[in-house]
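J.: In case you want the letters, here they are:
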Amino acid sequence: MKNRLKVLRAERDWTQAELAKELDVSRQTVNAIETGKFDPSLPLAFRIARLFQSPIEAIFTPDEEVY
Amino acid sequence: MEDSKKPFWRRCETTARDRRNQRRIIVWGLAWMVTWLAAGFLIKFDLIPPGMLAAVAATLVPMVLGIGTVLAYRHFLREADELRRKIEVEALALAVGVGLVGGFTYFLLERAAVVSESGVLVMIMLITFTHAVGVVLGQRRYA
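As given, the protein sequences belong to chains D and P, one line each in that order. Reminder that position 37 of the first sequence reads as 37 in the working numbering, one-by-one numbering, no gaps. Reminder that position 113 of the second sequence reads as 1113 in the working numbering, one-by-one numbering, no gaps.
Treat the hints with caution; some may be incorrect.
[Claimed, not checked] The following label-pair restraints were derived from C-beta to C-beta distances:
1) P:Val1070 <-> D:Thr61: 37 to 43 Å
2) P:Val1064 <-> D:Leu42: 36 to 42 Å
3) D:Met1 <-> P:Ala1112: 46 to 52 Å
4) P:Leu1137 <-> D:Phe46: 28 to 34 Å
5) D:Met1 <-> P:Val1056: 40 to 46 Å
Calculated directly from the structure, the hints in this document are not laboratory data. Note that the Cβ used here is the ideal one computed from N, Cα and C, for glycine as well.
Work out the full structure: start from the sequences and follow the hints.
T.: Laid out in structure tokens, this is it:
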């Protein structure tokens, strides 16, 4: 799954550590999501969407459309 | 130093909650191991009073602390950062798999009289070691 987390974080001039603190996860988790190594759970995806005040689909997109 | 150039273990950071829960596991685990070693020592050198009751009492204390360690680990897993939980679950799957294959193989080797010692301790060490290796590999993969 692709995501715009790094771009959104950079727009707000936040570090990975600051974003991790806001989301109550480790910095390693933020880094793994940004680099596409790890897909967040649905509750975490919702927390990210709420934090950036964007719909989930504006932040996360599947690698290829399945449906 | 740029983040991607740091060695992977310096990129592995946990939350304060995970560190607190890990400390709890270590305390329970150490207490378990100390009492387990003490019970083994007492039983081996006949330092406990004769009779079933004393033997059961000597084994009961480490067993209770062992259960405490397992519950502390479950608590850690439930509260863990979700990437850390994934790494732990993958490491556990690896350890159980290696333990099962290793256990059945050791059983056959024992039947064939290739090994004579009971493999229980070997299996415990193998599972523990495999879990530790699995966690390191997972941390490296997602760092």
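J.: Could you tell me whether the CB distance from Met1 (chain D) to Val1056 (chain P) stays inside 40 to 46 Å?
T.: violated, 54 Å
J.: For the hint 28 to 34 Å, verify it against the beta carbon of Leu1137 (chain P) and that of Phe46 (chain D).
T.: This hint holds: roughly 30 Å between Cβ atoms.
J.: If you check the beta carbons of Val1070 (chain P) and Thr61 (chain D), does the distance land in 37 to 43 Å?
T.: Distance hint for Val1070 (chain P), Thr61 (chain D) holds at roughly 41 Å.
J.: Note whether the CB distance of Val1064 (chain P) and Leu42 (chain D) lies within 36 to 42 Å or breaks it.
T.: Between Val1064 (chain P) and Leu42 (chain D), where Cβ atoms are some 38 Å apart, the hint holds.
J.: Given a hint of 46 to 52 Å, does the C-beta separation of Met1 (chain D) and Ala1112 (chain P) actually sit inside it?
T.: holds, 50 Å
Hint 5 alone, counting from the list given before, is not met by this structure.
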